[in-house]
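Colleague: Just so it is clear: in the sequence shown, position 170 is 211 by our numbering, and no numbers are missing.
Worth flagging that the hints you see were computed from the coordinates, not collected in a lab. Backbone N, C-alpha and C fix where the C-beta goes; we use that ideal spot for every residue, glycine too. Mixed in with the good hints there might be a few duds.
[To be verified] Cross-link-like lysine to aspartate or glutamate pairs, in silico, EDC-like; alpha carbons within 16 Å at most:
no.	residue 1	residue 2
1	Lys183	Glu309
2	Lys87	Glu109
3	Lys195	Glu169
4	Lys150	Glu309
[Said to hold, decoys possible] What follows is a set of in silico ranges between Cβ atoms, one per label pair, in the way DEER data are often shown:
no.	residue 1	residue 2	range
5	Lys67	Thr205	32 to 38 Å
6	Glu191	Leu240	41 to 47 Å
7	Phe177	Asn82	38 to 44 Å
8	Asp315	Val161	23 to 29 Å
9	Asn82	Lys208	39 to 45 Å
10	Pro175	Gly267	36 to 42 Å
11	Asp99	Leu163	30 to 36 Å
12	His110	Gly267	43 to 49 Å
13	His110	Glu191	32 to 38 Å
14	His156	Asn192	38 to 44 Å
15	Asp54	Thr205	37 to 43 Å
16	Asn192	Asn82	42 to 48 Å
17	Tyr239	Gly159	41 to 47 Å
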Amino acid sequence: MKRKTLKNVVEYDGIGLHKGEVIKMKLIPSKSTGIVFRMMNMPEGKNEILLDYRNTFDLTRGTNLKNEHGAMVFTIEHFLSALYVAGITDLIIELSGNELPICDGSAIKFLDLFHESGIVELDEDVEEIVVKEPIFLSKGDKHIIALPYENGYKLTYAIRFEHTFLKSQLAEFEITEEVYKKEIAPARTFGFDYEVEYLKQNNLALGGTLENAIVIKKDGVLNPEGLRFEDEFVRHKMLDIIGDLKILNRPIRAHIIAIKAGHLIDIEFAKILDNIK
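Can you make the complete structure from the sequences, with help from the hints?
Modeller: Next comes the structure, spelled out in structure tokens:
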């Protein structure tokens, strides 16, 4: 498979989820750089962060990167998810602040931006990750399994919450761009109403609104328009793990099965995949 980048520069401004600041984002085509975040609020020469699992930190509420100079970028998983499905391997992302725009809480806007620019193939190949025998990782009640799957990339995901409205959901999809755009990309991030006050008190989710997140209450959701899918919650978790495994910046050929997974175990699993011979 060929490496890919954007055809043209694309700019987009949007609110960052946690600080609530307007983030100016510029996507710049590049060759053989990998995925590089360039933080414009840091001095030149110290402000670039390569997409690499060795640069991840604090994976409690999102996937975040930092470099040795203290440059940091937070909540990149939705953007990475869209990058994976678009097949983009080389890109420079200039950001005015240390978050990605949250958009509407899904990945659909990022896909639209990529196609607005156009995507071009580069001369170099990118090596596929091919799972040839079962691999698994468990941490408590969280599990990820990878099985051989010759037909491409298949994802099965199960969630379970001890909540009066959101209990268990299960979904399975072939991960192609067509399926992803229709079935997964529109699924929004979500949280529970009882978490909102805690997050605000800790200067988190300051940019969170019902326009960019689903808020779950005792007997439904606070969002007046309701859900985009009956099982939107598990679909968003699928969006997240696709983004988290993009940390390897390589296409995957496997059937991934995830049960109650999250950013921390996703990145640990990526490390295992990276060592496949």
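Colleague: Okay, which hints does this one fail, numbers in order?
Modeller: 4, 5, 13 and 14
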